[in-house]
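Trainee: Sequence:
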Amino acid sequence: MKSGLIDPVVETQSGLLRGLANDAGTVVAFKGIPYAAPPVGDLRWREPQPPEPWEGVRDATEFCASCIQQKAGARLPWSEEFMVQNEISEDCLFLNIWTPAKKASDKLAVLVYIHGGGFTEGSGAIDVYDGEELAQKGIIVVTINYRLGVLGLLVHPELSAESPNKVSGNYGYLDQIAALKWIQSNIANFGGDPNRVTIVGQSAGASSVRSLIISPLAKGLFHRAITESGSSYTGSGNSTSLADAEQRGLEFMATKGASSLAELRAMDPMDIFITAPGQTTIRFGSVVDGYVFTGSSMDVFAAGEQNDTPFMTGMNMSELRYGGARNDDYYRLYLASAQGDSLLAGQVAAQEYSRLNAYLWLDYRARTSTTNGYIYYFDRAIPWPEHPEFGAFHTGEVPYVFNNLKMLDRPWTDVDRMVADMMSSYWANFAKNGDPNGEGLPVWDPTTSDNRSVMRLGEDMGMIPIAATEERFDFLGKQLISR
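The opening residue of the sequence shown carries number 1 in our numbering; numbering runs sequentially from there.
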């Protein structure tokens, strides 16, 4: 055991785990921890079941498999550090923990990161999600896997009939909830505080966080929430009915040439996941089933039935290019201030549009919420001499949040290191206190209807208005809502 650190052998409800301390002796990592039974065979398309106990000490020094997906490899603007590199398997319900605790009684705040990837790819084992550096801010970092694609979302009448709740689908969300339950039961032994759990998600992970906020099954499992580059202000978009989704399930079964659920369960998982040439692509999403989700985000918030927690959200400068109508109002509001340069006008509109996207969701939340909300706007471009056009692209904030710039081979500058140190501090502070502010950091004010400003995260940090004028604010709001 490294001096001053928690014992690398930790007891869980399923058995003993052996982790590995880093060379500096500041963090112990526990990787590949099963939080549920393998969802294979008869457990495919069922709620996650408790993990199977083991005897002796389980090695937790290496990542275990990522969930079934079509591994894409590096593709611009994402280099391989943003992509899944390890093996894939249907046996994939694992989580990973990085703890800086010195003893089990430390009661450190816990940050649980839910990966993005459009619900079709991604993993808690991706390089940019390495939690070692972020944990050194005095928090425990957890990353998780969850079932993806049709393996995580299929809805079918036979599945609904065999379910004790007479529903099907939403399995990936149920995996996330199972991971949070595991954390509630076990994180204290790693030096964590089960009463200070923050869920964080990027892209599809952000949509997951917004979905967990409205799920009655997740109530009490987390206490703060952060979304990075999530869906529009309407939240997770849980609008598909169970009946409609079941019909899609029947169509999906037909495309696979199966006549029964038993035949589907007997198929190779990759044959199920991948749409073969000539097959119709049938997509599944979250379903309002009365069990995992009782209504759309808007309905749940209107009724004040959400999991009401402090909330932080934001967008990146270059992930949204303004696509609104090129109408007279657009030219009048933006071309004039851009001195007739249509490209510059579009960039300005895109920047204000992305800030407003986050604000409108937060504003709707605030109508029935009693907790603070904070918005950021990230505009630091990862240094990439070959591709300066990508700017602050979708997912580009992640290495800064985790303070692990070392994971990417880029010509980092002192400014990048400063931004990463400050952003990871903001995220860690929010996990600890529900407030991102802290010593040595620019003051980050909550965003309210009376304070329509957001925190700019980049070389120049500070509060900036969502839109330069009230007229632009109203114009962009109407464009966004119309979508």
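Treat the hints as calculated values from the structure; they're not laboratory data.
Ideal Cβ placement from N, Cα and C applies to all residues, glycine included.
It is possible that some hints are incorrect.
[Claimed, not checked] With a cut-off of at most 27 angstroms between alpha-carbon atoms, the simulated DSS-like pairs for lysine-lysine come out as follows:
no., residue 1, residue 2
1, K107, K166
2, K103, K71
3, K166, K219
4, K103, K166
5, K71, K406
6, K181, K102
[Claimed, not checked] Here are the computed distance ranges between Cβ atoms for each label pair:
no., residue 1, residue 2, range
7, I274, L250, 29 to 35 angstroms
8, T448, K166, 53 to 59 angstroms
9, G295, V40, 18 to 24 angstroms
10, G462, T413, 17 to 23 angstroms
11, P277, L250, 37 to 43 angstroms
12, G257, S185, 20 to 26 angstroms
13, S449, I274, 44 to 50 angstroms
Trainee: Does each hint hold? Answer for all of them.
Mentor: These are the hints, each one checked on the structure:
Proposed proximity of K107 and K166 is contradicted: the alpha carbons are some 39 angstroms apart, above 27 angstroms. Distance hint between K103 and K71 is unfulfilled; the C-alpha atoms sit about 39 angstroms from each other, more than 27 angstroms. At most 27 angstroms may separate the alpha-carbon atoms for a hinted pair to count; K166 and K219 meet this at roughly 21 angstroms. Restraint check for K103 and K166: the C-alpha separation of about 44 angstroms exceeds 27 angstroms, so the hint is violated.
Taking the CA atoms of K71 and K406, the gap is about 24 angstroms. The hint holds against a cut of 27 angstroms. Of the supplied pair hints, the one linking K181 and K102 holds, its CA atoms being roughly 24 angstroms apart against a limit of 27 angstroms. In this structure the supplied range 29 to 35 angstroms is violated for I274 paired with L250, their Cβ-Cβ distance being about 20 angstroms. In this structure the hint that T448 and K166 lie 53 to 59 angstroms apart at CB is violated, the actual value being about 42 angstroms.
Under the hint 18 to 24 angstroms, the C-beta atoms of G295 and V40, about 32 angstroms apart, miss the expected range. Checked against the hint of 17 to 23 angstroms, the pair G462 and T413 passes, with Cβ atoms roughly 20 angstroms apart. Under the hint 37 to 43 angstroms, the C-beta atoms of P277 and L250, about 22 angstroms apart, miss the expected range. Between G257 and S185 the beta carbon distance is about 42 angstroms. The supplied range of 20 to 26 angstroms is therefore violated.
The supplied range of 44 to 50 angstroms is met by S449 and I274, whose beta-carbon atoms lie about 47 angstroms from each other.
The structure shown violates the earlier hints numbered 1, 2, 4, 7, 8, 9, 11 and 12.
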